[in-house]
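Visitor: In case you want the letters, here they are:
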Amino acid sequence: MEYDIVIGLEVHAELKTESKVFCSCKNQFGAEPNTNCCPVCIGLPGALPVLNKKAVELVIKAGLTIDSQINNIAVFERKNYFYPDLSKAYQISQLVKPICVGGHLDLQNKSVKINRIHLEEDAGKLTHQSENIGTLIDYNRGGVPLMELVTEPNINSADEAVEFLTKLRERLIFADIAECKMEQGGMRCDVNISIKPKGSNILGNRTEMKNLNSFKSVHRAIEYEVKRQIEAKEQGKEIIQETRKWDDEAGISYTMRKKETSQDYRYFPDPDLLAIEISDEEVEAIRKTLPLLPEQLKEKYVNEYKLTEYDANIITKDKYLISYFEEVCAHYNNPKTVANWILTEILSKIKDEDEPIIKISPLKLAEILSLIENGKITRTIAKEIFTKVWENDSDVDKLAKELGGEINEDYLCNLIDKIITSNPKAVADYRTSDTPEKQLKWFVGQIMKETKGKANAKLAEEKILEILNKTQG
Amino acid sequence: MEFEKFTLLEIVNMLKNKTVSSEQLTKYFISKIEEKKSLNAVLEVFDDAINLAKEADKKIQAGENGKLLGVPVIIKDNILYKGKKCTCSSKFLKDYIAQYNSTVVEKILQEGGVIIGRANMDEFAMGGSTENSAYGITHNALDFDRVPGGSSGGSAVAVAGGLCPVSLGTDTGGSVRQPCSYNGIVGIKPTYGRISRYGVVAFASSLEQVGPMTKTVKDNAYMLQILSGKSINDETSADIPVEDYLSQIKGQINGLNIGVCKEVMQMMSGLEVEKIFLQVLEWLKSNGANLIDVSLPNFDLCLPCYYIIAPAEATSNLGRFDGIKYSTRSDKAENVDQIYTKSRSEGFGKEVKRRIMLGNFVLSSGYFDAYYNKAKKIQIKLKEQAKDIFKKCDVLLFPTTASEAFKLGSKTDPVSMYKEDMFTITANILGIPSLTLPFAKGKSNLPLGLQIMANNFEEGKIYNLADYIENNWRWK
Ligand SMILES: [Zn+2]
Numbered sequence: 001m002e003y004d005i006v007i008g009l010e011v012h013a014e015l016k017t018e019s020k021v022f023c024s025c026k027n028q029f030g031a032e033p034n035t036n037c038c039p040v041c042i043g044l045p046g047a048l049p050v051l052n053k054k055a056v057e058l059v060i061k062a063g064l065t066i067d068s069q070i071n072n073i074a075v076f077e078r079k080n081y082f083y084p085d086l087s088k089a090y091q092i093s094q095l096v097k098p099i100c101v102g103g104h105l106d107l108q109n110k111s112v113k114i115n116r117i118h119l120e121e122d123a124g125k126l127t128h129q130s131e132n133i134g135t136l137i138d139y140n141r142g143g144v145p146l147m148e149l150v151t152e153p154n155i156n157s158a159d160e161a162v163e164f165l166t167k168l169r170e171r172l173i174f175a176d177i178a179e180c181k182m183e184q185g186g187m188r189c190d191v192n193i194s195i196k197p198k199g200s201n202i203l204g205n206r207t208e209m210k211n212l213n214s215f216k217s218v219h220r221a222i223e224y225e226v227k228r229q230i231e232a233k234e235q236g237k238e239i240i241q242e243t244r245k246w247d248d249e250a251g252i253s254y255t256m257r258k259k260e261t262s263q264d265y266r267y268f269p270d271p272d273l274l275a276i277e278i279s280d281e282e283v284e285a286i287r288k289t290l291p292l293l294p295e296q297l298k299e300k301y302v303n304e305y306k307l308t309e310y311d312a313n314i315i316t317k318d319k320y321l322i323s324y325f326e327e328v329c330a331h332y333n334n335p336k337t338v339a340n341w342i343l344t345e346i347l348s349k350i351k352d353e354d355e356p357i358i359k360i361s362p363l364k365l366a367e368i369l370s371l372i373e374n375g376k377i378t379r380t381i382a383k384e385i386f387t388k389v390w391e392n393d394s395d396v397d398k399l400a401k402e403l404g405g406e407i408n409e410d411y412l413c414n415l416i417d418k419i420i421t422s423n424p425k426a427v428a429d430y431r432t433s434d435t436p437e438k439q440l441k442w443f444v445g446q447i448m449k450e451t452k453g454k455a456n457a458k459l460a461e462e463k464i465l466e467i468l469n470k471t472q473g
Numbered sequence: 001m002e003f004e005k006f007t008l009l010e011i012v013n014m015l016k017n018k019t020v021s022s023e024q025l026t027k028y029f030i031s032k033i034e035e036k037k038s039l040n041a042v043l044e045v046f047d048d049a050i051n052l053a054k055e056a057d058k059k060i061q062a063g064e065n066g067k068l069l070g071v072p073v074i075i076k077d078n079i080l081y082k083g084k085k086c087t088c089s090s091k092f093l094k095d096y097i098a099q100y101n102s103t104v105v106e107k108i109l110q111e112g113g114v115i116i117g118r119a120n121m122d123e124f125a126m127g128g129s130t131e132n133s134a135y136g137i138t139h140n141a142l143d144f145d146r147v148p149g150g151s152s153g154g155s156a157v158a159v160a161g162g163l164c165p166v167s168l169g170t171d172t173g174g175s176v177r178q179p180c181s182y183n184g185i186v187g188i189k190p191t192y193g194r195i196s197r198y199g200v201v202a203f204a205s206s207l208e209q210v211g212p213m214t215k216t217v218k219d220n221a222y223m224l225q226i227l228s229g230k231s232i233n234d235e236t237s238a239d240i241p242v243e244d245y246l247s248q249i250k251g252q253i254n255g256l257n258i259g260v261c262k263e264v265m266q267m268m269s270g271l272e273v274e275k276i277f278l279q280v281l282e283w284l285k286s287n288g289a290n291l292i293d294v295s296l297p298n299f300d301l302c303l304p305c306y307y308i309i310a311p312a313e314a315t316s317n318l319g320r321f322d323g324i325k326y327s328t329r330s331d332k333a334e335n336v337d338q339i340y341t342k343s344r345s346e347g348f349g350k351e352v353k354r355r356i357m358l359g360n361f362v363l364s365s366g367y368f369d370a371y372y373n374k375a376k377k378i379q380i381k382l383k384e385q386a387k388d389i390f391k392k393c394d395v396l397l398f399p400t401t402a403s404e405a406f407k408l409g410s411k412t413d414p415v416s417m418y419k420e421d422m423f424t425i426t427a428n429i430l431g432i433p434s435l436t437l438p439f440a441k442g443k444s445n446l447p448l449g450l451q452i453m454a455n456n457f458e459e460g461k462i463y464n465l466a467d468y469i470e471n472n473w474r475w476k
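Sequences listed follow chains A and Y, in order. If you read the first sequence in the working numbering, its first letter stands for residue 1, the second for the next number, and so on. If you read the second sequence in the working numbering, its first letter stands for residue 1, the second for the next number, and so on.
In case anyone wonders, no lab produced these hints; they're calculated from the structure. Only a predicted model underlies this, so the values are computations on that prediction, with no experimental measurement involved. Don't take each hint at face value.
Heads up, simulated DMTMM-like pairs for lysine to aspartate or glutamate below, C-alpha to C-alpha not over 25 Å straight-line [to be verified]:
| no. | chain 1 | residue 1 | chain 2 | residue 2 |
| --- | --- | --- | --- | --- |
| 1 | Y | Lys325 | A | Glu32 |
| 2 | A | Lys54 | Y | Asp239 |
| 3 | Y | Lys377 | A | Glu249 |
| 4 | A | Lys53 | A | Asp264 |
| 5 | A | Lys54 | Y | Glu235 |
| 6 | Y | Lys353 | A | Asp85 |
| 7 | Y | Lys325 | A | Asp264 |
| 8 | A | Lys53 | Y | Asp239 |
| 9 | Y | Lys392 | Y | Glu334 |
| 10 | A | Lys125 | Y | Glu334 |
| 11 | Y | Lys332 | A | Glu32 |
| 12 | Y | Lys325 | A | Glu304 |
| 13 | A | Lys210 | A | Glu242 |
| 14 | A | Lys258 | Y | Glu334 |
| 15 | A | Lys97 | Y | Glu235 |
| 16 | Y | Lys381 | A | Glu277 |
These stretches of chain Y come out as covered by chain A in the derived footprint (C-beta under 8 Å, 3 or more residues) [what the hints assert, rightly or not]:
| no. | segment |
| --- | --- |
| 17 | 195-203 |
| 18 | 306-316 |
Even for Gly, the Cβ is constructed at its ideal location relative to N, Cα and C.
Start from the sequences and build out the full structure, keeping to the hints where you can.
Guide: Written out as structure tokens, the structure is:
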């Protein structure tokens, strides 16, 4: 039998705020355990949460990037359950009135419907030590703002799921909402999977897959689970509604808990927090801060900047590259040249690095490009300067002079004089030729040879013409 | 000198005029606590109290000011005072040391107050008799065989028994007013949000407020002003300017519109307090006030609403006492689940467990709409009904309790104990301010309290009427 695969995603992303969502502790990864903590985020008796408005803004922003409707009133609720990493035995989250409702994110071949985005707090982190030490709790992550995005179950393959996540991640990073560092737990994803006979309207029992730490494991886990469910179905076995844990190393998943034992979270509105009021004006103000999305930028680069589709594609793949590109263009108004240099010189230098850093400031690259354009240096010299700046962050002007790249005009004219005097035959040929341009090129070639390529060809040509014309009479 | 005979305002003046030192006063009240140890009102006298008093004396000598400079204060054992134990009268927190100051403690310290000890209470403020404390029962200051009321029983007895001139209690359903009534003193549950709850161990967050407990109405007005105000640490604290409540006391009640609630009168019928309540109404009328008949049609639903909302919030608030952190972790636990179940079974008292279970029930899926949601809807309706009442009148009069303090151990059925809050709970459900002052004696010659309520943030009106009654109504 053939089956339809039905997938829904729940994506968590840690928001990029300075401080935590309900206290003023730093929101920072990798600090010494339990150093970014206070009575509020370790849930001491008597402590009360106070909302960080910035976190709400970021969730609204996230909603706007996927065309969500923003609720004018949103409410925090308590999700009650016991776990040692949860300091208050409840997580402040949103159930009935989230900040964002609905929306969609368009993939290559379909539009994925979004159910909601809400704001909640992250829990602490447990580390299991040796037996005699036991389990330790680090509450630094406790109270870090998290957005949870829930899709409708209208994703139909592992490829689509990964495409969705890639696109979502790109947007969140882009709009400065979240850094989405998967390896640091900055973006996490749970996947709900079920199958049904092709074309049928009756949904099968779904399983929820947890512990997916990379897009690759999302893909593998979905493929595995779909196969498992189909096999079970073919063998006439029932698919049990349950939560499963993915073991990436083994490439399998196993039952975490069955539905019967699933928790009743006993949600109710948190009496310590006021309802969040969001005005339409506020939403519009946030909308104005939205940067162009990669697709929109690509369009702009191709249509306005006249970049090739290919170049625009590569530059808009990376937020860092975009801002670099934009900044160079701000100082040197020839986007095509800038793109050229980024794609050739810069990318070749950083392509193998995990955390690529462009070691030449946008301003310095713009300086070099201007020098070329003004005929002060040749491309060869420019590349030499580029490499030196990359290595030592040296001064562009100084290098241009040192490397002799900036061929002094007098020197150039002297050189031309010399070549003209010592090559009377070539001069004669030039004057009588049907194709004087060809002869002219010969002179330029000589200059380049003499200067080991450091002269500016365009400038040389101009000067040669000038001198030849002068000596004519 | 017998310093317990003086009011808070008198003591403030004596300190200012240097007729007494803070050290003298503090030592005196500490010796009183020692002398009346059998009341079991105070769980601990803080060992730095006398040193703090000496420091206060130095400040007084240096001419410094402070509204409570040198005044000994006792706080309920659920209010955090940094570096001091705070147990909420629970075994669960037997060794818990407060890690930071509550806003109210901060305010008292800023005004130079000397916090000398912490008072007994019903465990986690759940109860109406201070019989639910892991550290023993407290006795009524006026009759050793009777309950002091609760949950702030220790704080009430501390003032009524002459152990300090002022104390703090907390009031979730009547926990300041009922013990004040039973011990013949003045106490207020301010408007919800008037005082920051930051640093007060939460029982039912949406209902409770700290309240000062004093000998007189003016003392109370003085103290409320000190404790009130917006706190950046508490979103639910109100950003409304704090009034000078003493200046609202005008000494006359001409033209004051006093609401008399039909449903309360019906409820009172046949109760001990009824006769005297009617007398005081007549007397107020003859002194220039207007009596206005009003109705709170769903008055009878306040009690059931309360016993749904309060346990629901309590269940969640007490979840953090899970055996992972804090004093109690069961020795018998072999895994994480057992740490939770065994520690909580061992650490909490019977009443607390009862309310945790009640709260879990009303929040559980399948019952949430029938209980919690319905209660919240009724609460909204009640608030609308109250709005109508305060369009017509300035204040609303209720009795505080049905009768005098009852005998220790006499109420064993939890529901009869819950009914103790019948008249006080209304103000918590509505969020409005409510003060109790003694106004009569019952058949055993013990005090009965009169409750005065007003619209939100109109404590000034309450103090004016309360002061008038205190000074002109003859009953002692
Ligand atoms: Zn914190």
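Visitor: Does each hint fit the structure? Answer for all of them.
Guide: Structure-based check of each hint:
1. Lys325/Y to Glu32/A: holds (20 Å)
2. Lys54/A to Asp239/Y: holds (21 Å)
3. Lys377/Y to Glu249/A: The given pair, whose Cα atoms are some 52 Å apart, is violated under the 25 Å limit.
4. Lys53/A to Asp264/A: violated (30 Å)
5. Lys54/A to Glu235/Y: Satisfied, since the Cα-Cα distance of roughly 16 Å is no more than 25 Å.
6. Lys353/Y to Asp85/A: At roughly 24 Å apart (the allowed maximum being 25 Å), aspartate 85/A and lysine 353/Y satisfy the hint.
7. Lys325/Y to Asp264/A: The hint holds at about 23 Å.
8. Lys53/A to Asp239/Y: Within the cut-off at roughly 18 Å; holds.
9. Lys392/Y to Glu334/Y: violated (62 Å)
10. Lys125/A to Glu334/Y: holds (21 Å)
11. Lys332/Y to Glu32/A: violated (33 Å)
12. Lys325/Y to Glu304/A: Roughly 61 Å separates the two Cα atoms, so the pair is violated.
13. Lys210/A to Glu242/A: With Cα atoms ~11 Å apart, lysine 210/A and glutamate 242/A stay inside 25 Å; holds.
14. Lys258/A to Glu334/Y: Holds, because 23 Å separates the two Cα atoms, which is no more than 25 Å.
15. Lys97/A to Glu235/Y: Cα-Cα ~19 Å, so holds.
16. Lys381/Y to Glu277/A: The hint holds at about 23 Å.
17. 195-203: Result for this restraint: holds, n = 6.
18. 306-316: holds (count 4)
Violated hints, in rising order: 3, 4, 9, 11 and 12; the structure is consistent with all others.
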